Amino acid sequence: DAGITQSPRHKVTETGTPVTLRCHQTENHRYMYWYRQDPGHGLRLIHYSYGVKDTDKGEVSDGYSVSRSKTEDFLLTLESATSSQTSVYFCAIKKGANSPLHFGNGTRLTVT
Amino acid sequence: GESVGLHLPTLSVQEGDNSIINCAYSNSASDYFIWYKQESGKGPQFIIDIRSNMDKRQGQRVTVLLNKTVKHLSLQIAATQPGDSAVYFCAENLNTGNQFYFGTGTSLTVIP
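Keeping their order, the protein sequence lines are chains A and B.
Heads up, our numbering is the position in the first sequence plus 24, with the first residue counted as 1.
Heads up, our numbering is the position in the second sequence plus 1269, with the first residue counted as 1.
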């Protein structure tokens, strides 16, 4: 258990509504990541953070924003959800400079 | 082996047999590689990693082989058990940087 909690675990929302997903870690690691997982694709990076208020874009960042006001929480926001954002979203942490990512159990988001 | 197609490659093995799962990575400059296991409804779970200065690393019942010449990674699971049934995928990382790139995975089914 990497000490990562994602909430909610499941969410159904309508097109055009804002949605915020939360990732909480208990171990105060500096690096946190948001990925999406879709059939036919490997995990794709949306955004990541390397410290409080320090974030950077990944390969599929359009339509998403993030915030990190505390070390333990990394929020992913869909300002206006679209059907193409239906996916499973995973948060991950990196425990050190030369270490793998450790993942939470995901949030399944459906945009209708 | 790994594929970017819509359907996951599949591998079926008898309980007790050895399994070999393959991965072709894309960037010859990648220097850190990771294998993950993902069970249905859960996040990816770290299995084993290897750095580019090695060509083999062993864990408990698992061995990772790295062939940099042909950009190929494999995961060997000894004495495969029903609990090993899952999707397995590899990830590559460049210069211990912040971004990891993931394969699409292979679905392993263990037949009791």
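No lab work stands behind these hints, which were simulated from the structure alone.
Computed from a prediction, not measured in an experiment: that's the story for all the values here.
Any given hint could turn out to be false.
[Stated by the list, open to error] Once the Cα atoms are required to be at most 20 angstroms apart in a straight line, the calculated SDA-like pairs of lysine to any residue come out as:
1. A:Lys119 / B:Ser1309
2. A:Lys81 / B:Gly1366
3. B:Lys1325 / A:His34
4. B:Lys1325 / A:Asn122
5. A:Lys119 / B:Leu1363
6. B:Lys1311 / A:Arg92
7. B:Lys1311 / A:Lys94
8. B:Lys1311 / A:Lys77
9. A:Lys81 / B:Lys1325
10. B:Lys1337 / A:Arg68
11. A:Lys94 / A:His34
12. A:Lys77 / B:Thr1279
13. A:Lys119 / B:Lys1325
14. A:Lys119 / B:Asn1364
15. B:Lys1311 / A:Asn122
16. B:Lys1311 / A:Lys81
17. A:Lys81 / A:Arg46
18. B:Lys1325 / A:Val112
19. B:Lys1311 / A:Arg68
20. A:Lys77 / B:Asn1367
21. A:Lys35 / B:Lys1311
22. A:Lys119 / B:Gln1314
23. B:Lys1311 / A:Val36
Problem set entry | Index of numbered hints that the structure contradicts, given in increasing order | Per hint list: 1, 3, 6, 7, 8, 9, 10, 11, 12, 13, 15, 16, 18 violated.
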